[in-house]
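Keeping the supplied structure of chain A fixed, place chain B upon it in accordance with the hints.
Each chain, written out:
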Amino acid sequence: MRGEILVALLLISLMFLGVYTGLLMKPKETKGGISVTLVVRQYRNGNLIKEVVDRKDPFTNNFVQILYATMYNRGDQKTYTMKDISGTSRSLYISYSGTYNPLFATGNYIYIGDGTASFSINDYKLSGTNILKATSSTPSESTANPKINYTISASFSLSSAMTISEIGYSRILRDSGGSYYEFLLMRDVLSTPISALAGDTVTVTYIIRING
Amino acid sequence: MGGGDLVKRYLVLSLVFLLVPFFVAYSIPQQQEDDRVVKGWLITKAYDAKGNLLWTQVREDPFTLNFGRYISFYLEPGRATHTAVDTSGTSRSLGCGGTGENPFQPPYFHRYTFIAVGTGTNSFSINDYALTNSVLQEASLPSISVIGNKANVSISASFSFSSATTITEVGVITEFCDTSSYGRYFLIARDTISKSIPAGGTLAVTWIVEVNA
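Protein chains in written order, with this note's numbering: chain A, 1 to 212; chain B, 1 to 213.
Think of the hints as simulated: they come from the structure by calculation, not from any bench. By construction, the Cβ of each residue, glycine as well, lies at the ideal position given by its N, Cα and C atoms. Keep in mind that the hints are not guaranteed to be accurate.
As the list claims (entries may be wrong) - Which residues of chain B face chain A? A partial, calculated answer using Cβ under 8 Å:
#1 Val37
#2 Gly40
#3 Tyr47
#4 Phe63
#5 Gly68
#6 Val135
#7 Leu136
#8 Tyr185
In isolation and in its complexed conformation, chain A is listed as follows:
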């Protein structure tokens, strides 16, 4: 009887070992794609009191135009229409250098706001009325094959209370006439709004994950 119990235990152990090694040796397929993790933290008196982590952050049509320009070949002076944060359509030579190089510009910003309008690909600004803007950091890159992460962040010190329910990212670009305009590339409505008081500090971090 005791021997049979030992055999049964051995067989069960072998079964678990089989499952474990099967999962361990399972080939991992790299699916690619881009994910965006948005981390919003609220500090009061230096203490972290709330953190919202969202994994959606849809890209606007302005971002789509940039992607399209990357793949557009023949490279003539094709213009791409993007909508600046005033709602005005602008022509850009995304795939053209020289005098009207769109990247010949300085300024990238992260926004926080109190709008709750759901995301639309045609968004060109935040939807709220109480909106704050801060300069975004230079992106940091980290790689762990096959994954690549780019991180940008900004910090806000609030002088008055506000509800934070939407976040955005924008970049200054030069248009085909040589003028500088600001374009919203990402906007997100938070899954959980943050009620912040005067004196609170709010940090926003975007992690753009490629193949992750």
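Quick look at chain B alone, frame taken from chain A:
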């Protein structure tokens, strides 16, 4: 039953209890959380010499580090340069003519984006800069479509084969301009497949970047 037979029986039983769970666990697809907002789809279709569809394969195509470097230009606060490795394996600083210039400048206004197919079998790495063994490449113009809050940017190319061929890798190559004002070719996506095309057949490849997927 002898002692030897008993040992054999337990040995077989042990192997069954070990190997069956192993293969079950190995073959069951893993359910992973999918929070991606951009996906790169690779759709390949093969046709025989008479134009009959032989097979269709849909896969998700991973991006290379070169693609990441391209995206990072738009995360920069100001004029910058980033390095990328061209299809010859040489690291180049991007920006047509110097730091802060546009890497997407088309030298002489003849910039091309290609779909390339090959017979290499190396697994994907973000550091891939070329197909392992490129066989054919074909330039393609992209198209764009927006439906609701989703956008698709796609390029496609078609390849004809006079003899039976097995294609094992597909890549997307585009031209960026370096700080010396030369146009260089960079691999921005690569995937491994294993599909056969008969003599006289055609392989149609479409790469779709789906935004807000």
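Right, here's what the structure says about each hint:
no.: 1; hint: Val37; result: holds (6 Å)
no.: 2; hint: Gly40; result: holds (5 Å)
no.: 3; hint: Tyr47; result: violated (25 Å)
no.: 4; hint: Phe63; result: holds (5 Å)
no.: 5; hint: Gly68; result: holds (4 Å)
no.: 6; hint: Val135; result: violated (20 Å)
no.: 7; hint: Leu136; result: violated (17 Å)
no.: 8; hint: Tyr185; result: violated (11 Å)
Going down the numbered hints, you'll see the structure goes against 3, 6, 7, 8, while the others check out.
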